[in-house]
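Participant: Sequence:
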Amino acid sequence: MSSGLAYSSFDKGMMCYVGCQEAFEWFNPSIYWCQKGCDYGRGRMSDPTLRVEADKMCQMMAQSSYALLETEDLENVEDMRIHATMYPSNASNVYRACAAGVRRQNY
1 MSSGLAYSSF DKGMMCYVGC QEAFEWFNPS IYWCQKGCDY GRGRMSDPTL
51 RVEADKMCQM MAQSSYALLE TEDLENVEDM RIHATMYPSN ASNVYRACAA
101 GVRRQNY
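Using our numbering, the first residue of the sequence shown is number 1, and each one after it goes up by one.
Worth double-checking, as some hints may not be accurate.
With a straight-line cut-off of 20 Å between C-alpha atoms, the simulated SDA-like cross-links for lysine to any residue are [stated by the list, open to error]:
#	residue 1	residue 2
1	K56	S46
2	K56	A67
3	K56	E22
4	K56	F27
5	K56	L74
6	K56	T85
7	K56	R44
8	K56	E25
9	K56	G43
10	K56	L68
11	K56	M45
12	K56	M80
13	K56	N76
14	K56	E72
15	K56	W26
16	K56	Y66
17	K56	V77
18	K56	N28
19	K56	R42
20	K56	V18
21	K56	A84
Distance ranges between label pairs, derived from CB positions [as the list claims (entries may be wrong)]:
#	residue 1	residue 2	range
22	K56	Y107	11 to 21 Å
23	W26	E70	31 to 41 Å
24	W26	T49	18 to 28 Å
25	N90	E22	30 to 40 Å
26	N106	H83	32 to 42 Å
27	T85	S46	31 to 41 Å
28	E70	E22	18 to 28 Å
29	Y107	T71	32 to 42 Å
30	M60	Y107	15 to 25 Å
31	E70	N106	17 to 27 Å
32	E70	G43	16 to 26 Å
33	H83	K56	20 to 30 Å
34	E72	P29	12 to 22 Å
35	L69	V18	13 to 23 Å
Since the hints were made in silico from the structure, they are not lab data. All C-beta atoms in this analysis are idealised placements derived from N, C-alpha and C, irrespective of residue type, glycine included.
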């Protein structure tokens with residue numbers, strides 16, 4: 001899996017990348033994970049099955065990036081809300097940031 005963004009420029013990432021920058025503080029690394037969610041959701045938003053696939057991709061990426069704690073279950077995250085100072089310090093926060101990018105993708 002590549003660690004870079006698929007679309008490093010805003011002309012391809014479009015407004016989804018801008019939405020990620022607006023959601024988090026400018027120095028917050030959660031912007032990167034949100035933009036990865038934009039990449040996962042691109043082209044999958046019009047089909048409910050593919051939307052679930054993009055969400056599963058975020059879960060797999062979060063599990064491979066951070067070791068899950070005993071209390072973490074990415075299948076049943078109770079609170080999917082994000083805030084500007086939410087840092088990607090555990091798998092749940094990475095998943096929530098990525099899922100925020102999937103939700104921001106329009107098509």
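Participant: Are there hints from earlier that the structure breaks, and if so, what are their numbers?
Facilitator: 3, 4, 6, 8, 15, 18, 20, 21, 24, 25, 26, 28, 31, 32 and 35
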